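Peer 1: Model the full assembly from the supplied sequences, consistent with the hints where possible.
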Amino acid sequence: MNRAYEKTFSVEGDNFDNAGTASIEIKKILKDLRIDEDVLRKTAIAVYESELNIISYARSGNITLYVDDDTINIDVEDEGPGIEDIDLAMQPGYSTATEHIRQMGFGAGMGLYNIKSCSDLFEISSTPNVGTHLKIIIKRNGR
Amino acid sequence: MKLRHLVERLDLGVLCGEDKLESEVNGGYVGDLLSDVMANSSKGNIWITRQSHQNIIAVASLREHAAIILALGKKPDDDTIEKATREGIPVLATDRPGFEIAGQVYALLSNDRSFRAGTES
Ligand SMILES: Nc1ncnc2c1ncn2[C@@H]1O[C@H](COP(=O)(O)OP(=O)(O)OP(=O)(O)O)[C@@H](O)[C@H]1O
Ligand SMILES: [Mg+2]
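Chains as they are written, first to last, in my numbering: chain A, -3 to 139; chain B, 12 to 132.
Don't read these hints as lab results, they were simulated from the structure.
Incorrect hints may appear among the rest.
[What the hints assert, rightly or not] Quick look at which bits of chain A chain B covers, simulated, 3 or more residues with Cβ under 8 Å: (1) 15 to 26; (2) 37 to 49.
[Claimed, not checked] Cut-off 25 Å, straight-line C-alpha distance, at most; resulting in silico cross-link-like pairs (PhoX-like, lysine-lysine): (3) A/Lys112 to B/Lys54; (4) A/Lys27 to B/Lys31; (5) A/Lys27 to B/Lys54.
[As the list claims (entries may be wrong)] Part of the chain A face toward chain B, derived, beta carbon under 8 Å: (6) Phe12; (7) Met100; (8) Gly101; (9) Phe102; (10) Ala104; (11) Met106; (12) Gly107; (13) Asn110.
Just so we're clear, the structure is a prediction, and the values are computed from it rather than from any experiment.
Heads up, the beta-carbon is just placed ideally off N, CA and C, and yes, glycines get one too.
Peer 2: Have a look at this one:
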């Protein structure tokens, strides 16, 4: 690829009917860019869990995909309640998901942990009552 | 193993994806927690669940599952089938519990060359 690729997707809080739409679109873009299988898998997991956290907890947010020759970069920024205790939120199994959210199969408390596992670089920052920002970088193998 | 073979042997209802029954199934995963299924299932798996909300389709599409089996007589929401058709994910149905179905899928697949036990993550 000679040119970097960039696109931003907006995600609406509480809209579970469209959950996964941004992730599916991002995966299609990466497939067209012939990103290899394992990188595709890691990116799909990281983007999906990010998208679902915006929908589950925030009012709205943006996911920006940036692809260059060496890396997949995903920036996730939302406006919402933010996270009071990030270390706690990162722990597998910790969840504040409501009953409504759990009934749909979310709320295992695995999302952030899985994003981190799939990332070569993962940074999370959050301001209570303002919002949360994730910076995710996944290296493209063999490049 | 061809999806069609599993459908016939397990007597599964085909709710959508009739045109995808020639695709290959290489293993399976059982789960009702979407972030668990996202992380631990594999491409080409058949996913056995009792979740019937349309959110299961995005998961199956992103992980490129061969099909979803709704166990224990779970009826999908209308928009689940609509979305599945759009994403090309076959949705299959059975009245029997997930444990039984998983056991039978495993038994049939374990004789198959394409079968990969366990998960790759
Ligand atoms: N964008 C966000 N804004 C506010 N709180 C968040 C956000 N993302 C995560 N959290 C908090 O961190 C907790 C853990 O998030 P994580 O994604 O790991 O698990 P979960 O969403 O609860 O369940 P799962 O992702 O397994 O379905 C959430 O329950 C929530 O309290
Ligand atoms: Mg989550």
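Peer 1: Please go over all the hints and tell whether each is borne out by the structure.
Peer 2: To see whether the hints hold, each was checked on the structure:
Residues of the region 15 to 26 of chain A with a Cβ under 8 Å from some Cβ of chain B number 6, which satisfies the need for three, so the listed coverage holds. Coverage of a stretch by a chain is defined here by at least three residues with a beta carbon nearer than 8 Å to that chain's beta carbons; for the region 37 to 49 of chain A and chain B the count is 6, and the condition holds. Between A/Lys112 and B/Lys54 the CA atoms are separated by roughly 21 Å; this keeps the pair inside 25 Å, and the hint holds. With a CA separation close to 20 Å, the supplied pair A/Lys27 and B/Lys31 stays within the 25 Å bound.
With a C-alpha separation of about 14 Å, the suggested pair A/Lys27 and B/Lys54 falls inside the 25 Å cut-off, and the hint holds. Because the closest C-beta pair between A/Phe12 and chain B is about 7 Å apart, less than 8 Å, the hint holds. The interface hint given for A/Met100 holds, since its Cβ lies 5 Å from the closest Cβ of chain B, which is under the 8 Å cut-off. Annotation: interface hint on A/Gly101 holds; nearest CB of chain B at approximately 4 Å, less than 8 Å.
Of the supplied interface hints, the one on A/Phe102 holds, with its beta-carbon coming within about 6 Å of a beta-carbon of chain B, less than 8 Å. At its closest, the beta carbon of A/Ala104 sits 4 Å from a beta carbon of chain B; the interface hint therefore holds under the 8 Å criterion. Annotation: interface hint on A/Met106 holds; nearest CB of chain B at approximately 4 Å, less than 8 Å. Because the closest C-beta pair between A/Gly107 and chain B is about 5 Å apart, less than 8 Å, the hint holds.
Using the Cβ-Cβ criterion of 8 Å, the hint placing A/Asn110 at the interface with chain B is satisfied: the shortest such distance is roughly 5 Å.
Of the numbered hints listed earlier, not one is contradicted by the structure.
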